[in-house]
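The opening position of the sequence shown corresponds to residue 559 in our numbering, with each subsequent residue numbered one higher.
Keep in mind that the hints were calculated from the coordinates and are not lab data. It should be emphasised that the depicted structure is a prediction, and the values quoted were computed from it without experimental measurement. Positions of the beta carbon are idealized from the N, C-alpha and C atoms, including for glycine. Any given hint could turn out to be false.
[Claimed, not checked] List time: in silico DSSO-like cross-link candidates among lysine-lysine, alpha-carbon distance up to 30 Å: (1) K914 / K870; (2) K755 / K736; (3) K781 / K796; (4) K763 / K736.
[Stated by the list, open to error] Distance windows between CB atoms, simulated: (5) K781 / M588: 48 to 54 Å; (6) L566 / N909: 36 to 42 Å; (7) T609 / N653: 38 to 44 Å; (8) K619 / Q793: 38 to 44 Å; (9) S898 / N729: 22 to 28 Å; (10) D617 / Q881: 25 to 31 Å.
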Amino acid sequence: MEVVKVDLREEIDNSYDIVIGRGLLDNLAMELRKIPANEFVIITDSNIAGTYGKRLLNDLKNKNIDVHLITFSAGEKSKTRKTKEKLENEMLRLNLGRDACIIALGGGVAGDIAGFAAATYMRGIPYIHVPTTLLAMVDSSIGGKVAVDTGHAKNAVGAFYQPKKVVIDLNFLKTLPKKELVNGLAELIKHALIKDKDFFHFIEKNIDRILACDVDILKTAIKRSCEIKADIVMQDEKEKGLRRILNYGHTIGHAIESALSYRISHGNAIAIGMSYAAKLSAKLGHLHEGSVIRQNNLLEYIGLPHKLSHHKLKPRRILEHVQYDKKIMNGRINFVLLNSIGDAFVSDEVNIEDIKNILEEG
């Protein structure tokens with residue numbers, strides 16, 4: 559037997575900056591000139607295209623940047639392989655090459671689908687994310703997870719592909735609907751619950767100012783939330799260990815999204831998932847009951863649901879979708895639990911029966 563070794567070991571620098579400030583969209587051209595690309599394509603949804611999309615397109619053209627705009631129908635229902643194919647076909651029609659860069663302008667759906675297209679188009683081209691929702695600012699724009707949904711599960715087909723930059727313009731928050739602010743707060747609170755008890759206290763103390771969209775308070779909260787996720791990603795980019803704690807509330811949350819065919823917001827689903835994860839943590843003897851109450855009181859105060867009954871869901875439907883969870887390895891569920899507020903861990907001792915029991919308790 560003959561063996562030919564292909565030794566490709568090398569260090570790849572996937573580092574990037576998360577820039578946070580006001581009015582950054584109007585100065586995006588300056589950031590784009592730092593990226594090694596000859597032309598750009600803005601990928602955004604039909605809601606954002608008519609407001610910020612065309613505005614950015616015209617601004618960049620006026621600054622002599624070669625740029626195009628591609629849109630897709632707004633909503634989680636568009637986060638599919640079919641939509642991704644349509645985007646790629648349009649990029650091919652525009653004759654975009656490897657020297658192109660994608661600008662993902664929008665929330666989590668835009669970031670996921672545009673980032674996934676960047677990962678595969680011409681075997682990989684650069685992209686930057688300009689998140690327009692709080693949820694995308696604090697969560698989906700950070701860490702390089704890009705994917706589409708399938709009929710079986712959320713984010714079932716995707717890749718790890720880091721952006722070249724994340725540009726968070728706080729001015730987007732001025733026009734963000736209240737329900738979208740609350741939607742994003744679910745992930746922001748999650749970061750505090752898994753890693754920083756002082757940050758959780760900060761959120762509790764300032765929750766009314768946060769709900770009033772006080773940009774100065776939100777800037778502090780967004781920066782800290784980004785720091786928490788970035789620190790975890792830096793230690794475990796491909797989710798082999800520590801990064802799994804970011805899935806707190808997501809095993810049940812993603813199952814809820816799938817069961818409802820994505821007719822529920824991500825934040826609402828994750829809030830319900832965190833509620834049951836905290837209850838299970840307490841039932842297994844890890845978390846004090848007072849911490850469960852404290853978590854759920856905050857979720858309820860800001861208007862997030864914390865029971866399946868809020869959406870008339872039966873436990874059986876949730877369990878049907880849990881089996882497709884990406885965190886299942888060797889037949890065991892890697893379920894994120896809490897020892898205390900600010901201290902999460904991954905347990906492989908949780909089984910389907912445990913989840914069934916906690917869901918049936920209501």
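Verification of the supplied hints:
1. K914 / K870: Cα-Cα ~16 Å, so holds.
2. K755 / K736: Holds, because 25 Å separates the two Cα atoms, which is no more than 30 Å.
3. K781 / K796: Distance ~23 Å between K781 and K796 Cα, so the pair holds.
4. K763 / K736: holds (19 Å)
5. K781 / M588: 48 to 54 Å: At roughly 21 Å between Cβ atoms, M588 and K781 fall outside 48 to 54 Å, so the hint is violated.
6. L566 / N909: 36 to 42 Å: Check passed, 39 Å falls within 36 to 42 Å.
7. T609 / N653: 38 to 44 Å: violated (28 Å)
8. K619 / Q793: 38 to 44 Å: Check passed, 41 Å falls within 38 to 44 Å.
9. S898 / N729: 22 to 28 Å: Because 37 Å falls outside the window, the suggested range is violated.
10. D617 / Q881: 25 to 31 Å: Cβ of D617 to Cβ of Q881: about 47 Å, so the range 25 to 31 Å is violated.
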